[in-house]
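Student: Protein chains in written order, with our numbering: chain A, 1 to 384; chain B, 1001 to 1315.
One or more hints might be untrue.
Claimed, not checked - If you anchor each label on the Cβ, the simulated ranges turn out as follows:
#1 B:L1216 with A:S293: 48 to 54 Å
#2 B:P1016 with A:S293: 55 to 61 Å
#3 A:W190 with B:N1154: 28 to 34 Å
#4 B:P1016 with A:N250: 34 to 40 Å
#5 A:L358 with B:V1297: 41 to 47 Å
#6 A:N245 with B:P1016: 30 to 36 Å
#7 B:V1193 with A:W190: 30 to 36 Å
#8 B:P1016 with A:P134: 41 to 47 Å
#9 A:N250 with B:M1195: 34 to 40 Å
#10 A:H57 with B:I1135: 42 to 48 Å
To be verified - To give an idea of the interface, some chain A residues facing chain B are shown, with a C-beta separation under 10 Å as derived from the structure:
#11 I168
#12 T233
#13 F235
#14 I237
The hints are simulated quantities; they were obtained by calculation from the structure and are not laboratory data. From the three backbone atoms N, C-alpha and C, an ideal C-beta is built for every residue, glycine too.
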Amino acid sequence: MSAAQWRKAMNSGAQAQAWPRQRRIAPAAGAGSVPEAAGENAVAWPQWIGQRVSARHVIVMLAVLVYPWVATPFFTFQIGGQSLVLGLIALSLTFLAGYGGMVSLAQMTVAGIAGYAVAIFGTSSMAEISLGWPWWLVVGIAVAIATVCATFIGWLSVRTEGIYTIMITLAIGMAFYYLTVQNYSVLNGWQGFQRVLAPTVAGLDLRSPVPFYYLALFWALAGYFFVKYLVRTPFGIALQGIRDNARRMNALGFNVTAHRIAAYAVAGLIAAVGGVLMTWYNGLVTPGSVGVSGLINILIIAVLGGMRHPIGPFLGAIVFVLLQNFAIDVFDRERFNLVIGAMFLAIVLFSPDGLLGLWVRLRARLEGADAQSRISTRGASRRL
Amino acid sequence: MSKFWRWFWGLVIGVPIAVFSVWALATNERLFLVTLLNGLTLASLYFIVAAGFTLVFGLMRNVNLAHGSLYLLGGYLGYVLAEHTGWYLAAVAIGFAGAALAGLAMQVSIFRFMPGEDLRQTMVTIGLSIVIADILLWIFGGQVHQLSPPDWLNGPWRGLPVINAYSKFRLALLPLGIAIGVLLWLFLNRTRVGMLIRAGVDDRGMLSASGVNVNLVFAITFAIGAGLAGLGGVIGAVELSMVPGEDVRMLLASLVVVIVGGMGSVVGAALGAIILGVAETFGLAYAPTYSVVFTFVILVLVLAFRPRGILGQPA
């Protein structure tokens, strides 16, 4: 889709005004101001922290750290761990779609490739295929392979642009799914690989709920801050420029294709880490993990949360996982797809910015003109 | 493309295929010919389904990812009718009409209100496909539904040279696919509505500026595109079978057909369907565990050298 259509789809005028973070990015875009800002930050660290870290950040951080000590193992592992892992994979889509304007449905495929690599090079119940290498080597190889595959997928899909991306990545993802079903010599067909377990590192069993939760939390936070950092670097700014107007960026001398492929590679790296964690979480990797419903679930999570900020996919993942686990009590278990499909439809039809968009609109309505003026003064003070 | 390059690519692609054909004919000519026929009849089904997809995409830039669900819907509707009455032709008609109505409802109640927002439309079709697939699963369950062909097409056709016998129904798909292709061509090139559709594919804005009711043209196109999916569903209910998951398979086939053939082009859909159908069946016959790799390689090659598809025009 063209940049203008993308903005129309993911953005409406009122929200763009009520979105403080978008405004924060804007000043850094002026080329001259970047080095100055960096120098200023180096001198005044406490001030920098005070500017950026508010009470809600501290509260959220404490909450996610304390969470496993108050929650039952079920909530720690099934809800907390799974949300973080799915959120991390969906974060890669948010980065690609929200900042790069490319909606790829193949992010779960990248995660699945990493999972299959972990099973093939590491240990599983299929001793004939699995090579049984040490876990640190296996994880490195898996992430590397998946990132290379993601770059290749990116190279293929950036040859056309816009709405074609979604078709091509969906076709690639489905083709990989059918390959995993068909192929028995390397991918072990329909059964996939069972008992692909997380290792025990320095006496810490990463299979048990609390260590796994902290492992997932560490990588989720790493991914979150990595994306937050990256979108403020020259690369990230250029990527957003390409999202908004690729022709203009091309005219300014930016290599549009290279930036897009690099974005796929970065998103692939994030998805690959998520894929390794997902495989350890499930303890298995099967064609079902990379099936069409898996691919679409990642899109649902990203859209549900909202694609305008890296916290979106994690919010979406929490809602998704809660629905998945507790929709059984309200509806028939078999009808989960109907519930999630209807919810996705409602979000797409009525709030294209997802839950984050709802929140921003709600806050704007509650605070009214007060919030508007505060945002504009904040924007003005940062510009000075 | 210059004459030299056309020859060069013709040789690069043609020579290995010719060598393979000669080898396969020499070793087992029956297997080769049966596989070829299977491929062409599968291509016929793919063409019918993908033609609807490409028609909708070409005019409205709407990637209808619920196309597979419409296929399944048409198939189940035809199945129910054929089970109760035994009229296969009525089943085909109801499959077409039911899916066309569903498509019309989608266009009139949802997509009309989001013109130009192709990403949002696509996401809506994803949501719809999940919902439709789950409702169909709810009603019909997960078991395999197989529709039997009408009596006059049941059983094999005996006495053919070399291959001895071949299913009458599958053989009948070849003329059916060609007939639908010709009808579609006549409709698009010889009728007023077809002319409007072609004009819309070329320039939507100009069409609406010249006083045509674009919404009506869109609704007709969407109904025909969805109806073709439903028609394909009734045929697929006999040739393959109806089971949850077939919708995804047909969606993948439609996607690959239009990516390979060129998006928005009906002739491209025919070309893509033949390439995909033949490649898939030969893959299954000669390299069963890697057959999808052929599909993938074709996709990659086309995207690498002709990103808009073989017959695709730059947008």
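Student: Each hint needs a verdict: does it hold in this structure or not?
Tutor: Consistency of the hints with the structure:
no.	hint	in the structure
1	B:L1216 with A:S293: 48 to 54 Å	36 Å, violated
2	B:P1016 with A:S293: 55 to 61 Å	37 Å, violated
3	A:W190 with B:N1154: 28 to 34 Å	32 Å, holds
4	B:P1016 with A:N250: 34 to 40 Å	38 Å, holds
5	A:L358 with B:V1297: 41 to 47 Å	44 Å, holds
6	A:N245 with B:P1016: 30 to 36 Å	44 Å, violated
7	B:V1193 with A:W190: 30 to 36 Å	47 Å, violated
8	B:P1016 with A:P134: 41 to 47 Å	43 Å, holds
9	A:N250 with B:M1195: 34 to 40 Å	37 Å, holds
10	A:H57 with B:I1135: 42 to 48 Å	43 Å, holds
11	I168	6 Å, holds
12	T233	26 Å, violated
13	F235	24 Å, violated
14	I237	23 Å, violated
Of the numbered hints listed earlier, those contradicted by the structure are 1, 2, 6, 7, 12, 13 and 14.
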